[in-house]
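Take these sequences, add in the hints, and give me the full structure.
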Amino acid sequence: MNVTPTTLASNLRAGTWSWTRRRLSVRSFSFGVTLAVVSYLVLVPLIMLLYASVKSTEDKLPFEATTTTLANYTTVFTSPSTLPIFLNTFLFTAGSLAVGLPLAILMAWLLERTAIPARRWIATLILVPMTIPSLLSAIAWIQLLDPRIGLVNVVLRSVFGWPGDTGPFDIYSLYGMCFVQGLRLVPSAYLMIAASFRAMDPSLEEQSAMAGRGVTQTTLRITLPIMRPALLAMLIYYIIVVIESFDIPGLLGFTARIRVLSTAIYWATHSEVGLPDYGLASALGALVLAVALLLMWIYQRLTAHQERFTTITGKGYRPRQINLGAWTAPATALCVFYVAAAVVLPFLMLVWTSLQPFYAVPSADSFARVSFEGYFKIWQESSVMRALWNTTVLALVTSAATILLAVLVSWFVVRRGRTADGLSHYLATVSFLPQCVPSIVIGLAFIFVYVRFPIPIYGTLWIIVLAMTTRYLAYSSRTMTSALMQVHGELEEASQMARATWARTLRKITMPLLAPAMINVFFWVAVHAMQELSMALMLYNPETVVVSTMIWSMWQNGRTADAAVLGVILILLSALLLFSGQAFSYLRRDSNS
Amino acid sequence: MVAPIIFGLLLWTSAGHAQEKDKSAVNEAIAQLYAGAKKEGTVVIWGPTDAVIYQRAQAVLDKQYQGIKIEHFESIPEPLVQRIIAESQAGKPAAVDIIQSGSLRALRPLIDRDMLAAYPGWEKDFGLDAVYANQRFVGAYNLTLPIAYNTKMVSAQEAPKSWEDLTDPKWKGRKIIIEARLVPFAMLGTEWGKGKATELIKKILAQQQPLIVQGGTTVANALAGGQVSIAVGTYAYTIERLKKQGAAVDWVAASPLPVLNSAVGVLKTAPHPNAARFFAGWLGSAEGQKIRYATTGQAIEVGKNSIGTVAERIKASKPAIILETEKNFASILEIQRELGKMLGALR
Numbered sequence: 001m002n003v004t005p006t007t008l009a010s011n012l013r014a015g016t017w018s019w020t021r022r023r024l025s026v027r028s029f030s031f032g033v034t035l036a037v038v039s040y041l042v043l044v045p046l047i048m049l050l051y052a053s054v055k056s057t058e059d060k061l062p063f064e065a066t067t068t069t070l071a072n073y074t075t076v077f078t079s080p081s082t083l084p085i086f087l088n089t090f091l092f093t094a095g096s097l098a099v100g101l102p103l104a105i106l107m108a109w110l111l112e113r114t115a116i117p118a119r120r121w122i123a124t125l126i127l128v129p130m131t132i133p134s135l136l137s138a139i140a141w142i143q144l145l146d147p148r149i150g151l152v153n154v155v156l157r158s159v160f161g162w163p164g165d166t167g168p169f170d171i172y173s174l175y176g177m178c179f180v181q182g183l184r185l186v187p188s189a190y191l192m193i194a195a196s197f198r199a200m201d202p203s204l205e206e207q208s209a210m211a212g213r214g215v216t217q218t219t220l221r222i223t224l225p226i227m228r229p230a231l232l233a234m235l236i237y238y239i240i241v242v243i244e245s246f247d248i249p250g251l252l253g254f255t256a257r258i259r260v261l262s263t264a265i266y267w268a269t270h271s272e273v274g275l276p277d278y279g280l281a282s283a284l285g286a287l288v289l290a291v292a293l294l295l296m297w298i299y300q301r302l303t304a305h306q307e308r309f310t311t312i313t314g315k316g317y318r319p320r321q322i323n324l325g326a327w328t329a330p331a332t333a334l335c336v337f338y339v340a341a342a343v344v345l346p347f348l349m350l351v352w353t354s355l356q357p358f359y360a361v362p363s364a365d366s367f368a369r370v371s372f373e374g375y376f377k378i379w380q381e382s383s384v385m386r387a388l389w390n391t392t393v394l395a396l397v398t399s400a401a402t403i404l405l406a407v408l409v410s411w412f413v414v415r416r417g418r419t420a421d422g423l424s425h426y427l428a429t430v431s432f433l434p435q436c437v438p439s440i441v442i443g444l445a446f447i448f449v450y451v452r453f454p455i456p457i458y459g460t461l462w463i464i465v466l467a468m469t470t471r472y473l474a475y476s477s478r479t480m481t482s483a484l485m486q487v488h489g490e491l492e493e494a495s496q497m498a499r500a501t502w503a504r505t506l507r508k509i510t511m512p513l514l515a516p517a518m519i520n521v522f523f524w525v526a527v528h529a530m531q532e533l534s535m536a537l538m539l540y541n542p543e544t545v546v547v548s549t550m551i552w553s554m555w556q557n558g559r560t561a562d563a564a565v566l567g568v569i570l571i572l573l574s575a576l577l578l579f580s581g582q583a584f585s586y587l588r589r590d591s592n593s
Numbered sequence: 594m595v596a597p598i599i600f601g602l603l604l605w606t607s608a609g610h611a612q613e614k615d616k617s618a619v620n621e622a623i624a625q626l627y628a629g630a631k632k633e634g635t636v637v638i639w640g641p642t643d644a645v646i647y648q649r650a651q652a653v654l655d656k657q658y659q660g661i662k663i664e665h666f667e668s669i670p671e672p673l674v675q676r677i678i679a680e681s682q683a684g685k686p687a688a689v690d691i692i693q694s695g696s697l698r699a700l701r702p703l704i705d706r707d708m709l710a711a712y713p714g715w716e717k718d719f720g721l722d723a724v725y726a727n728q729r730f731v732g733a734y735n736l737t738l739p740i741a742y743n744t745k746m747v748s749a750q751e752a753p754k755s756w757e758d759l760t761d762p763k764w765k766g767r768k769i770i771i772e773a774r775l776v777p778f779a780m781l782g783t784e785w786g787k788g789k790a791t792e793l794i795k796k797i798l799a800q801q802q803p804l805i806v807q808g809g810t811t812v813a814n815a816l817a818g819g820q821v822s823i824a825v826g827t828y829a830y831t832i833e834r835l836k837k838q839g840a841a842v843d844w845v846a847a848s849p850l851p852v853l854n855s856a857v858g859v860l861k862t863a864p865h866p867n868a869a870r871f872f873a874g875w876l877g878s879a880e881g882q883k884i885r886y887a888t889t890g891q892a893i894e895v896g897k898n899s900i901g902t903v904a905e906r907i908k909a910s911k912p913a914i915i916l917e918t919e920k921n922f923a924s925i926l927e928i929q930r931e932l933g934k935m936l937g938a939l940r
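So the sequence lines, in the order shown, correspond to chains E and F.
Residue numbers for the first sequence follow the working numbering, beginning at 1 and rising by one.
Residue numbers for the second sequence follow the working numbering, beginning at 594 and rising by one.
Think of the hints as simulated: they come from the structure by calculation, not from any bench.
Take every hint as true, because none was put in to throw you off.
Here are the computed lysine to aspartate or glutamate pairs in the DMTMM-like style, where the Cα-Cα straight-line distance is at most 20 Å:
1. Lys836(F) to Asp365(E)
2. Lys837(F) to Asp365(E)
3. Lys934(F) to Asp59(E)
4. Lys662(F) to Glu381(E)
5. Lys662(F) to Glu543(E)
Written as structure tokens, this is what we have:
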């Protein structure tokens, strides 16, 4: 039965008001709770950020008695380093997005909408780079593209007789940073966009094809415009992600003295000169926040009439697979090349590092030093099993909590968006803001608040879960909002007219329709929670040690092989989780079809 | 003739008695401290030291000084220091006895807030000489900051012998790697004056286009892997360890030679103060040093209690030493801040 607002209105007039009101009150209560929880989670670190940005925090922590001042902002705007930092940040962001997003969109389209071979395998493998911790991934890329000893450069020089002892590629450059960062964006961006491609109504494309338009024309004039909200959401999210990302600019850019905003924030909080300069870091963070708010405002203006973009309706949907013909081979080659470049090479480099006492280019000497001892020795460390257990619990609980919150946020943002009180817009905006607060500031804010908090979660794993849920709410709610925008509300209206409660409708109608996006978000959060370091370093203790902090400690203590061994174990664990999720997803799709 | 001999004998005997008395007083003081430590039963230590050291220390303690359990939390000192301050301000002091750091400077916020307890017994009873800030810190080990080089790429003759040699045009074009915090140069500044140190690093950055990375281990790995020929900002003991593992690396004790102090301090709010003082003293003693050195290669590398290869090489080459102490850490930090601006720090 198709239920439209008109039929709903007539039913209401017919006397079904009382149970509708009851449902509305449950819904209103849920909305209130969601609003309160999200506000609390987000505003705690946010207030801390803004408060610290106007405090003189040289040699002081923000909550110590310090003077209120605008000096942090003055420093940011008057330092001679500021202009190059902003320019580099702009170029790095634009370059990384230019590499990563088109690749992610193309891959999502190829794997979701075309009939290229082995696409299930590729669709799973494409996500594996996410499981490689950024630090280890950047190190692997250095080992591949270092101008002197990078394996790719060494091979190219010896095979093609390239002159000199360096090059042809130089990873320590702006283009090197954009290339690696761009590749790192692909899995997450792919996840964000693939669900939308998968959930698309094929009828518009079919009509376009019947009107004589080819694949390219249809894609450019029908598919992409329909996906505008999802693409815009992705673009805005990744602008902030790239501005805030540290590992690649820290390891590659910093090495060549290419400074960006994230390295300036990192430098202010990790300068080893007394206490971190949270005032300066927060002033820089507040600038990122201002950019994010501006982008959110633009986004909301551009997607004001979101119903134009809904594609899943009660009339049934099943996107057709496009046959690429002669383009099948190049398209498949592109996917395989990406998997080789982003998965196989870095992973092999990490395995190689785990077998060496120190890193060396593969040679007769270094092959003689290969040892698997690390893989046996690692289990003798008493804290390894505890760290693995804590990491697994942390990943699963954080994912579950984040996904629940994200579904509620996205539902209220999309379905309640038309109401005039502006609360849905507030919810959309506020749930996006944690992306702008540096992780270390979230960690510190959590210490300050929860050490005084009456509920005893300080010093437990749950405080890390809470901090990570806050952190990952932005990605999760963005992805769920994009996916929900494409699901027409008429299916839910029909359910409610059949006297299903709001909660039941959410569980039985909305969530199953959103299942592909939910599964993706679940695994995205789980994998990221497994690797997160900054917040964990601030909040962990001997009982709540996690794998990422162990890897970091080992690396710092010169145990590079042990760190790589643990890195390989973490990747395999994450990959197992990922493959299980993908297998579940495919089985579900098969049973549905 | 006989009188001076008798006088000498008397003097020797009385001196011997005094020494015996002193020794027994020292033993008595340590015994009392141990008794208190045993009653407390546990010592909680936070810091970056490898957990394996404490596992081995526990095995030795269990044989010689039973009844003290070591609880160790391995992490970098900066977040730990912030946590200790935050928790203390909230009226819930952290349940930690000893805080350890790779450098004195990282613990400075605790000194500024008068959160560390002084203990004269480290010098008086344990005979340790690396005691700083009015007996609030005791040295755990040193981190000597030499000029390191890759022996496959640079011969011992070619290797830089002085800090000024780093400006030689032959090291131009990403042949040098420098640790991002520029600690050796900041420490040189305390000896040479800020201007000279600033000029040197400015010249190296502009002329040689060095690679800049964070972390002494990353610097050492880049050198061992052949990524660069020369490394500054890594530690002598790390280079020695890599050498033992087969890496083609070595180091030069350029004069003046910066040496950092990894120190431990006992918190005023320590729940187990006797155990903390006893353990910190014991760890700094010859026995504790041997365990640390055998496990990681870290040791006291300068001063009368120094041991190990690095200490021997420093003794042999006799460079002037710039030791990080409470007297110079403020100026090291100030110069470090100035130098940091050259790498893009906003202030």
